[in-house]
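**Student:** Here are the chains, one letter per residue:
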Amino acid sequence: MNSGYAVPAVVLVVVATVLVGAFGLRVSRTTSDFYVASRTVGPRLNAAAISGEYLSAASFLGIAGLVLVQGPDMLWYPVGYTAGYLVLLLFVAAPLRRSGAYTLPDFAEARLASPAVRRLAGAFVVGVGWLYLLPQLQGAGLTLTVLTGAPGTLGAVVVAVVVVATVAAGGMRSITFVQAFQYWLKLTALLVPALFLVLAWQGDGAPRHAFEEPPAFREQRTVRFDGTLDLRLVGPLTVTVHGRVDGRTLDGGRARLPAGVHRVESGTRLTFGPGARVPESVHGPDAGTLATVREERPLYATYGLILATFLGTMGLPHVVVRYYTSPHGVAARRTTVAVLGLVGAFYLLPPVYGALGRLYTPELALTSDADAAVLLLPDRMIGGVGGDLLGALVAGGAFAAFLSTASGLTMAVAGVLTQDVLPARGVRHFRLGALLAMAVPLAACAVVGGLPVADAVGLAFAVSASSFCPLLVLGIWWRRLTPPGAAAGMLVGGGSALLAVAATMAGYPGTGPLHTLLAWPAPWSVPLGFVTMVLVSLATPGRTPARTAAVLARFHLPEQLRAEVKG
Amino acid sequence: MSGFLAGLCVAVLPLLAAGFWLGRRTARPENLGGLGTPVEHATFQTLHTASLAAPPLRAGLTEDTARRSARRLRTLLGTDALCLADDRRVLAWDGVGAHHRDEIAGHLAGPLRTGRGEAFRLTCGTPDCPLRWAVLVPLTVDDRVHGVLVACAPRESAVLARAAAEVARWVSVQLELADLDRSRTRLIEAEIRALRAQISPHFIFNSLAVIASFVRTDPERARALLLEFADFTRYSFRRHGDFTTLADELHAIEHYLALVRARFGDRLAVTLQIAPEVLPVALPFLCLQPLVENAVKHGLEGKAGTCRIRITAQDAGAEAVVAIDDDGAGMDPALLRRILAGEVSPSGGIGLSNVDERLRQVYGDGHGLVLETAPGAGMRITVRLPKYQPGVHSAGRLPAE
Numbered sequence: 001m002n003s004g005y006a007v008p009a010v011v012l013v014v015v016a017t018v019l020v021g022a023f024g025l026r027v028s029r030t031t032s033d034f035y036v037a038s039r040t041v042g043p044r045l046n047a048a049a050i051s052g053e054y055l056s057a058a059s060f061l062g063i064a065g066l067v068l069v070q071g072p073d074m075l076w077y078p079v080g081y082t083a084g085y086l087v088l089l090l091f092v093a094a095p096l097r098r099s100g101a102y103t104l105p106d107f108a109e110a111r112l113a114s115p116a117v118r119r120l121a122g123a124f125v126v127g128v129g130w131l132y133l134l135p136q137l138q139g140a141g142l143t144l145t146v147l148t149g150a151p152g153t154l155g156a157v158v159v160a161v162v163v164v165a166t167v168a169a170g171g172m173r174s175i176t177f178v179q180a181f182q183y184w185l186k187l188t189a190l191l192v193p194a195l196f197l198v199l200a201w202q203g204d205g206a207p208r209h210a211f212e213e214p215p216a217f218r219e220q221r222t223v224r225f226d227g228t229l230d231l232r233l234v235g236p237l238t239v240t241v242h243g244r245v246d247g248r249t250l251d252g253g254r255a256r257l258p259a260g261v262h263r264v265e266s267g268t269r270l271t272f273g274p275g276a277r278v279p280e281s282v283h284g285p286d287a288g289t290l291a292t293v294r295e296e297r298p299l300y301a302t303y304g305l306i307l308a309t310f311l312g313t314m315g316l317p318h319v320v321v322r323y324y325t326s327p328h329g330v331a332a333r334r335t336t337v338a339v340l341g342l343v344g345a346f347y348l349l350p351p352v353y354g355a356l357g358r359l360y361t362p363e364l365a366l367t368s369d370a371d372a373a374v375l376l377l378p379d380r381m382i383g384g385v386g387g388d389l390l391g392a393l394v395a396g397g398a399f400a401a402f403l404s405t406a407s408g409l410t411m412a413v414a415g416v417l418t419q420d421v422l423p424a425r426g427v428r429h430f431r432l433g434a435l436l437a438m439a440v441p442l443a444a445c446a447v448v449g450g451l452p453v454a455d456a457v458g459l460a461f462a463v464s465a466s467s468f469c470p471l472l473v474l475g476i477w478w479r480r481l482t483p484p485g486a487a488a489g490m491l492v493g494g495g496s497a498l499l500a501v502a503a504t505m506a507g508y509p510g511t512g513p514l515h516t517l518l519a520w521p522a523p524w525s526v527p528l529g530f531v532t533m534v535l536v537s538l539a540t541p542g543r544t545p546a547r548t549a550a551v552l553a554r555f556h557l558p559e560q561l562r563a564e565v566k567g
Numbered sequence: 001m002s003g004f005l006a007g008l009c010v011a012v013l014p015l016l017a018a019g020f021w022l023g024r025r026t027a028r029p030e031n032l033g034g035l036g037t038p039v040e041h042a043t044f045q046t047l048h049t050a051s052l053a054a055p056p057l058r059a060g061l062t063e064d065t066a067r068r069s070a071r072r073l074r075t076l077l078g079t080d081a082l083c084l085a086d087d088r089r090v091l092a093w094d095g096v097g098a099h100h101r102d103e104i105a106g107h108l109a110g111p112l113r114t115g116r117g118e119a120f121r122l123t124c125g126t127p128d129c130p131l132r133w134a135v136l137v138p139l140t141v142d143d144r145v146h147g148v149l150v151a152c153a154p155r156e157s158a159v160l161a162r163a164a165a166e167v168a169r170w171v172s173v174q175l176e177l178a179d180l181d182r183s184r185t186r187l188i189e190a191e192i193r194a195l196r197a198q199i200s201p202h203f204i205f206n207s208l209a210v211i212a213s214f215v216r217t218d219p220e221r222a223r224a225l226l227l228e229f230a231d232f233t234r235y236s237f238r239r240h241g242d243f244t245t246l247a248d249e250l251h252a253i254e255h256y257l258a259l260v261r262a263r264f265g266d267r268l269a270v271t272l273q274i275a276p277e278v279l280p281v282a283l284p285f286l287c288l289q290p291l292v293e294n295a296v297k298h299g300l301e302g303k304a305g306t307c308r309i310r311i312t313a314q315d316a317g318a319e320a321v322v323a324i325d326d327d328g329a330g331m332d333p334a335l336l337r338r339i340l341a342g343e344v345s346p347s348g349g350i351g352l353s354n355v356d357e358r359l360r361q362v363y364g365d366g367h368g369l370v371l372e373t374a375p376g377a378g379m380r381i382t383v384r385l386p387k388y389q390p391g392v393h394s395a396g397r398l399p400a401e
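Protein chains in written order, with the UniProt record's numbering: chain U, 1 to 567; chain D, 1 to 401.
I should point out that these hints are in silico values taken from the structure, not numbers from a laboratory. Be aware that a few hints might be false.
[What the hints assert, rightly or not] One side only, chain U facing chain D, incomplete, derived with CB under 10 Å: (1) 39; (2) 45; (3) 98; (4) 99; (5) 165; (6) 167; (7) 176; (8) 205; (9) 207; (10) 321; (11) 347; (12) 430; (13) 488; (14) 536; (15) 542.
Just so you know, even glycine gets a beta-carbon here, dropped at the ideal spot from N, CA and C.
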C-alpha cells in the first residue's frame with residue numbers, strides 16, 4: 001500500500017486533534033454575551049461527543065476483521081455495542097445524572113456514603129480503563145505497520161505519546177467539541193470509502209457469494225506466513241510454494257495438496273490461483289483462544305458476548321463522565337437516544353467492509369492481520385491515486401478512533417489515579433497520573449498480543465459488566481444495597497472476571513470447559529456479581545446507609561418536581 | 001456438556017462462598033485477633049463498641065437513632081435489656097422482656113422531673129421473665145433532661161447502677177455534640193443569610209437611582225432594568241437550597257452586570273470564556289457574584305479609562321477552574337492577606353473573606369480562594385470547584401430551554 005498519502009493523513013488527524021482541542025473552539029466561545037456563554041451542551045452535540053469517544057479501534061477495524069474471518073455470526077458485536085446504550089437508557093442514564101456524580105467512584109460514594117467502596121470502584125475503573133486502552137494501542141500499532149511497514153509497537157508509542165502529551169498539558173479543554181468532531185470524522189472516513197467500494201463492487205458485477213463457506217480467491221494472490229500455521233483444506237488445492245510445507249522445501253514449485261491438514265512453516269509464501277478456496281487456519285493451542293471457543297461452543301460464546309456488551313457499556317469510565325455534561329436527567333435520556341441513533345448508523349458500515357473483505361482480501365483470514373481489512377480494501381478494490389486517497393482517509397479515521405478513545409480513557413483513569421490513589425492532588429499529580437494511566441497498557445502491549453482488537457475490547461466489557469453493572473443497577477433500583485454488599489459483589493464478580501480475562505490474555509493454554517469459562521467470563525461472572533451483591537447485602541441489613549431513602553428520591557425524582565417540592 | 005456444567009459449578013461455588021465470608025467479615029469488624037493481654041483486649045472491645053454506638057447518637061435522640069444505638073449500648077453494659085426514652089415516651093427497647101415497656105414508661109416522670117436516677121423492682125406476671133429490677137438514669141444536656149436510659153437486670157446490682165450512670169453520662173456527651181453540630185449548621189446558615197443581606201443595601205440604592213434616572217428619558221430601558229433588578233433579587237433572596245449551578249450563578253452575574261453597566265456605561269467591558277462542560281457544576285449559592293462585584297469595584301476604582309473584566313471557567317478533569325480577572329488598581333498582597341484574615345475591615349473586604357470561608361467549609365481547606373495581585377497590576381481571583389463533592393447538590397431547577 002502506498003504510504004505517500006496515508007502518513008500525511010494520519011499526521012493531519014493528529015495535529016488537527018491537538019489544535020482543535022487546545023485552541024480552536026475556545027476562541028469561538030470567547031464572548032461578552034452571557035446567553036451564548038451559558039448555553040449548556042445540547043443532547044445532540046453531547047451524543048456526538050459520546051459516540052466519538054466510544055467508537056474505538058474495535059469498532060473501526062475490529063468488527064470488519066471478525067466478520068471477514070468468521071462470517072455473519074459476528075454481527076452480534078455491532079448489535080451488542082449499540083444495545084448497551086439501550087440498557088443504559090432504560091436503567092441508568094437519568095438517575096446517574098441526577099446523582100450528581102462525575103465518575104463511577106463518585107457514584108459509589110453518593111449512593112453508599114462509603115470511602116472504601118469508592119476506592120474499590122476506583123480500582124475497577126483503572127482496571128477496565130487499562131484493559132480497554134490495550135487494544136487501542138495494539139490497533140494503532142497494526143495500522144502503522146500496514147501503512148508503512150514500521151515495527152508493531154511504533155504506532156502504539158505514537159498514540160501513547162500524543163495522548164499523554166495533550167492530556168498532561170491540560171489540553172482537550174473543549175473536549176466535547178473535539179470528540180463530536182471525531183465522531184463525524186470517523187463516520188466520514190468509513191462512509192465515503194464505503195460508497196466508492198460498493199460502486200466498485202457493482203462495477204465488478206456485484207458478486208454475491210460473500211458469505212459462502214469457505215470464501216474463495218478471485219485472482220492470483222500470494223500470502224506470506226509470518227508464523228508456523230496449520231491449514232485445513234476441504235478439497236485438494238494446487239498452490240505455488242516458496243518455503244516449507246509439510247516438511248518439504250519447495251522453491252517456486254507447484255504443489256498439489258490433498259484435502260486435510262497441512263503445516264506451513266514460518267516465512268513461507270504461498271501463491272493461490274483464481275477460484276481457489278481459502279484454506280481454514282487451524283488454531284494451535286496458543287493462538288486465537290477466543291476464536292477456538294467460538295468454534296467449540298458457539299452458543300455459549302454468543303451469550304457471553306451479548307451479556308458483556310449489553311451490560312458493560314454502562315460501566316465504561318469514559319462514557320460515564322460525558323453524562324455529567326448534560327444539564328439534567330431528561331437531557332441525559334435524550335442524549336442516550338441520540339447516541340443510539342448515531343452509533344447505530346455508524347455500525348451499519350463495518351459489516352460492509354467485512355463482507356467486501358471476504359470477497360476481495362480473503363487471505364487476511366489466514367494470517368493474524370484480519371483487523372487490517374478496512375485499511376487494505378480501498379487499495380485492493382479501486383487502486384491508483386483514488387484508492388490511495390480513500391485509503392488515506394480510512395487511515396486518518398482509524399487514528400481518530402485510537403486518539404479519541406485513548407484520550408478519554410486516559411483522562412478517566414488519570415482522574416481516578418490522582419483523586420483516589422496518588423497521595424496529594426494538584427496539576428503535577430494529574431500529569432503523573434496521565435503518564436501512569438498510559439504506561440501500564442503500553443508495557444502490556446509489548447508483552448501480550450495476538451488477540452483480535454474487537455475480542456480484547458470485549459474482555460474489557462466483560463469486566464465492566466461484572467463489576468459496575470451490578471453496582472449501578474442495584475444502586476439505583478434496590479434500596480437494601482449495603483456498602484459491604486456492593487464491595488463484595490464488585491470484588492467477586494468483577495474480580496473473577498478480571499482474573500479470567502488476565503488468564504485469557506496471558507494465553508492460558510488448553511481447551512475444555514474451564515478454558516471456555518475463562519475466555520468468555522460474562523455468562524457466569526455477571527450473575528455471580530449480582531448474586532453476591534444481593535446476598536451479602538441481605539446478610540448485612542444493619543449497614544444500609546442512613547440517607548438511602550433521600551438519595552434514591554433524588555436519583556428518581558425529575559428535577560422540576562424536586563424544585564417544586566422544595567420551593 | 002456435563003463436564004462443562006461441572007466446571008461451571010466448580011468455578012462459581014468457591015467464589016460465592018468467598019463473597020459471603022467477605023461480606024460477613026466486613027460487617028463485623030470487631031474481631032481484633034490476638035491483640036495484647038486479656039485486659040487490653042477487653043478495653044479495646046469496650047472502646048470499639050462505644051465508638052460504634054456513637055455515630056447514630058450524633059444525629060440526636062430519635063426513634064431511629066435510639067433503635068440503632070440501643071443494641072450497641074446493651075453490649076456495652078452487658079445487661080439483659082436496655083431501653084432508651086426521650087422526655088415523653090419509650091423510643092427503643094433492645095433485649096428480652098419488651099412487655100415491661102409500659103411499666104417503664106410509667107416510671108419515666110420521676111427522673112425527668114428531678115434529673116436524678118432511680119432504681120425499682122419490676123412487677124412481672126410471667127414466671128420465666130429474667131427481668132426483676134431496673135435502673136433509670138437521666139440523659140442531661142445543658143442541665144436539661146433530654147431523655148432516660150434504662151437498664152434491666154435479674155437482680156439488684158450496685159455495679160450495674162454505677163455502669164449505667166457512666167454510660168448515660170457518655171451518651172449525654174454524644175447528645176451534647178449533636179446539639180453542637182446543629183448549632184454549627186445554624187451558624188453557617190446564618191452566615192449565608194448574612195452574605196445575602198450584605199449585597200443588598202449599596203447595590204439596591206445605586207440600582208434604584210440608576211433606574212430612576214432612566215424613567216423619564218428612556219422608559220423602555222428603565223422597564224428592562226427593573227426586570228433585571230427583579231430577577232437578581234429573586235435569585236439572591238431565594239430561600240431553598242444552599243447550592244446552585246454554575247449556569248444559574250452566571251445568569252445572576254449577568255443581571256448584576258446589566259445593572260452596573262447602566263450606571264457606568266462603556267467604562268465596563270466584560271468578556272467571558274466558559275467551557276460548556278462545567279455549566280452543570282454545583283457550587284455554593286452566591287459565591288461568584290461577590291467576586292465579580294469585587295472586580296468591578298477594584299477595576300473602576302481610581303482610574304478614568306475602561307475597566308476590563310474577564311470571567312473564565314475551564315474544565316480540568318474532576319474540577320472546574322473559575323477565574324475572574326480585572327485590570328484595575330490591584331492591591332498590596334500583605335494588606336489583602338490582613339483583610340482576608342479579618343484584621344482590617346475595609347468596605348467590600350467582607351465579601352471575599354466570606355466566600356473564602358464558605359468554600360473552605362464546603363470543599364475543604366484545599367479549595368479556598370486564590371488571589372494574585374500587586375499594586376497597579378490588577379487582580380485575578382481563582383476558584384477550583386470539584387465537580388462532585390458528597391453533600392453538594394444544586395437545588396435542581398430546569399434551565400429554560
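**Student:** Evaluate each hint against the coordinates.
**Tutor:** Tested hints:
1. 39: holds (7 Å)
2. 45: Because about 8 Å separates residue 45 of chain U from the closest Cβ in chain D, which is inside the 10 Å limit, the hint holds.
3. 98: holds (8 Å)
4. 99: With Cβ-Cβ at 9 Å, under 10 Å, it holds.
5. 165: violated (16 Å)
6. 167: Result: holds, 9 Å to nearest chain D Cβ.
7. 176: Holds, because the Cβ-Cβ distance from residue 176 of chain U to chain D comes to roughly 6 Å (cut-off 10 Å).
8. 205: Since chain D brings no Cβ nearer than about 46 Å to residue 205 of chain U, farther than 10 Å, the hint is violated.
9. 207: Given a least distance of 40 Å, the restraint on residue 207 of chain U is violated.
10. 321: holds (9 Å)
11. 347: With a minimum Cβ separation of about 27 Å from chain D (threshold 10 Å), the hint on residue 347 of chain U is violated.
12. 430: Constraint on residue 430 of chain U satisfied, holds at 6 Å.
13. 488: holds (4 Å)
14. 536: holds (3 Å)
15. 542: holds (7 Å)
The structure shown violates the earlier hints numbered 5, 8, 9, 11.
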